Amino acid sequence: MADEPPIDLEFEREPVPERARLGFRSFLGQYISEHVAGTELMIGPLFLRTGVTAADLVLGLLVGNALAVLSWLLVTAPIATRVRLTLYSHLERLCGRKLVTLYNLANGVMFCFLAGSMITVSATAAGVWTGIEMPSFADTLPNGAGWIATSLVVGVLIAVIAAAGYRAVARFGALAAPWMILVFLAFGIVGLSQLGVTHVSQIWEIATTKVFPGGAPRAGSTQFTFWQVCFFAWFCNLAMHLGMADLSVFRFAKKSRYAIASGAGMYVGHCMAWLAAAILYAVQLARDPTNEDVLPGPMADSACGVAGLVCVIVAGWTTANPTIYRAGLAFQAIVPKVSRFKVTLFAGAVATVAGLFPAVAMKLLGFVAFYGMVLMPMGAVIVADYWLLPRLGLQSWWAMKRGLEFYGAAGLTWLLTLASCAALVQWGGVEIYFVSLPGWVLAGLLYTLLSAVWQRRDRQRSGVVMHAASEPSR
Amino acid sequence: MTLRRALRLVSWLALVATLWPAIAYFRGTLDLDAVKRWMLIATVVWFASAWAAAPPTHQ
Numbered sequence: 001m002a003d004e005p006p007i008d009l010e011f012e013r014e015p016v017p018e019r020a021r022l023g024f025r026s027f028l029g030q031y032i033s034e035h036v037a038g039t040e041l042m043i044g045p046l047f048l049r050t051g052v053t054a055a056d057l058v059l060g061l062l063v064g065n066a067l068a069v070l071s072w073l074l075v076t077a078p079i080a081t082r083v084r085l086t087l088y089s090h091l092e093r094l095c096g097r098k099l100v101t102l103y104n105l106a107n108g109v110m111f112c113f114l115a116g117s118m119i120t121v122s123a124t125a126a127g128v129w130t131g132i133e134m135p136s137f138a139d140t141l142p143n144g145a146g147w148i149a150t151s152l153v154v155g156v157l158i159a160v161i162a163a164a165g166y167r168a169v170a171r172f173g174a175l176a177a178p179w180m181i182l183v184f185l186a187f188g189i190v191g192l193s194q195l196g197v198t199h200v201s202q203i204w205e206i207a208t209t210k211v212f213p214g215g216a217p218r219a220g221s222t223q224f225t226f227w228q229v230c231f232f233a234w235f236c237n238l239a240m241h242l243g244m245a246d247l248s249v250f251r252f253a254k255k256s257r258y259a260i261a262s263g264a265g266m267y268v269g270h271c272m273a274w275l276a277a278a279i280l281y282a283v284q285l286a287r288d289p290t291n292e293d294v295l296p297g298p299m300a301d302s303a304c305g306v307a308g309l310v311c312v313i314v315a316g317w318t319t320a321n322p323t324i325y326r327a328g329l330a331f332q333a334i335v336p337k338v339s340r341f342k343v344t345l346f347a348g349a350v351a352t353v354a355g356l357f358p359a360v361a362m363k364l365l366g367f368v369a370f371y372g373m374v375l376m377p378m379g380a381v382i383v384a385d386y387w388l389l390p391r392l393g394l395q396s397w398w399a400m401k402r403g404l405e406f407y408g409a410a411g412l413t414w415l416l417t418l419a420s421c422a423a424l425v426q427w428g429g430v431e432i433y434f435v436s437l438p439g440w441v442l443a444g445l446l447y448t449l450l451s452a453v454w455q456r457r458d459r460q461r462s463g464v465v466m467h468a469a470s471e472p473s474r
Numbered sequence: 001m002t003l004r005r006a007l008r009l010v011s012w013l014a015l016v017a018t019l020w021p022a023i024a025y026f027r028g029t030l031d032l033d034a035v036k037r038w039m040l041i042a043t044v045v046w047f048a049s050a051w052a053a054a055p056p057t058h059q
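Sequence lines, in order, name chains G and Z. Mapping of the first sequence onto our numbering: residues 1 to 474, in sequence order. Mapping of the second sequence onto our numbering: residues 1 to 59, in sequence order.
In case anyone wonders, no lab produced these hints; they're calculated from the structure. As the structure is a computational prediction, the values presented were derived from the model and not from experiment. Don't be surprised by glycine CBs; every beta carbon is placed ideally from N, CA and C. Heads up, some of the hints might be wrong.
Take a look, some chain G residues computed to stay more than 12 Å from chain Z by CB distance [what the hints assert, rightly or not]:
1) 152
2) 183
3) 339
Which stretches of chain Z does chain G cover? Using the computed rule of at least three CB atoms under 8 Å from a CB of chain G, they are [said to hold, decoys possible]:
4) 15–29
5) 35–48
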């Protein structure tokens, strides 16, 4: 027994074998529980602040979420179920260990900020009990000792639990998911009633006149139409679908078509929950038009009391937990000798500091778009490497075949795509919500072009060292 | 097994009871304080029964 190699239960370095593959229901549960998060309580109100009309919002959410599901179904899952490797393992074969390290650093930092916004959301609920002065929408820095203390306590608790008991919280998250969905639904129903809806037939009328009347955006927000809503809904999980992070998830799927399960998460979490949260904000504005603060805790408390507050804390906590854990994993790949406990604690500390600053949560729409933009190019690189390169007579997984630690074609593609996207946003007048679509196409084309140059140059310099197992499954 | 089934039934009823107060409020048959109270009770029952009914996990 002692001579046997350790079993890689998570299959982090090898393709998932047939015996470990999962059925449709596993993905249904995972996507529903992961996409009913604390941040949904911020996004709904932030939509309302943009002056979007009800028709634009509803149509934008329906189309945008459908595009997100199609991205998982047609782009991510087909590669995931053919290659069956984690994103990191796939990328390492494609672009080398050092470039993956850079990717991990970017990914880890983004995860920390995302978790920070979840800590902020949970702290607004804890703050209702402690009676502290909450940050306003315009606040970028911590607004007082009370807020700092509450956020620190919430953040440290989440960080320590993520480091020490990740699996227990993950189980608790799965347990809480059905209840959370119903509490979100209750937020919407109670909110509509408080806005004067007494019959289902009045919902649309109230939605168009009191919840989303349209008009100019509120201070600090930009105007949203159908297009911004549609692209935001499509790209808020850009890193996961077109960015290919969910290769790690769907490598376990028996069939590629199981990716349709993501639709449950999208339409429950990114449609119903956002609308319910927006309705709560509309109630707050109807009561006091001068109170423009986006604070999920007080809003939930006014609609559903302690159960609402618990929902905000649980929604923030159970989604911050895996986010901090994933950030820890990303950092651990950079410093493999440091224990997972310590790196997760470090990630939690960074997230806690980020959570102290309300700006991260209050500017969540822009941050989520930025997060997707930063990681998206490597997803396009994977797609081009898998589908395009062999058809053009080029080699996939060049770094592995050449024994490279940094594949310049992939690295340069990432850099040039980000620079192009930043230039388009800064000087081209393109909003950050839209820039990732041309960016993704550009990254795919750039990688193909640069690979042709790199591979021809490498071949001329020395012969290609081909490894027997260095071709992705097709 | 019988106890687990009973707990599962209780947890399902608790889920129904989580949403029911909001619907009753919408229909005008419950006031907001009662909504908050019933939702809290349903929450406690849900977590207790769902936790107890969950199959044991093996490390």
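Hints versus structure:
no.: 1; hint: 152; result: 26 Å, holds
no.: 2; hint: 183; result: 6 Å, violated
no.: 3; hint: 339; result: 18 Å, holds
no.: 4; hint: 15–29; result: holds (count 9)
no.: 5; hint: 35–48; result: holds (count 9)
Checked against the numbered hints above, the structure violates only hint 2.
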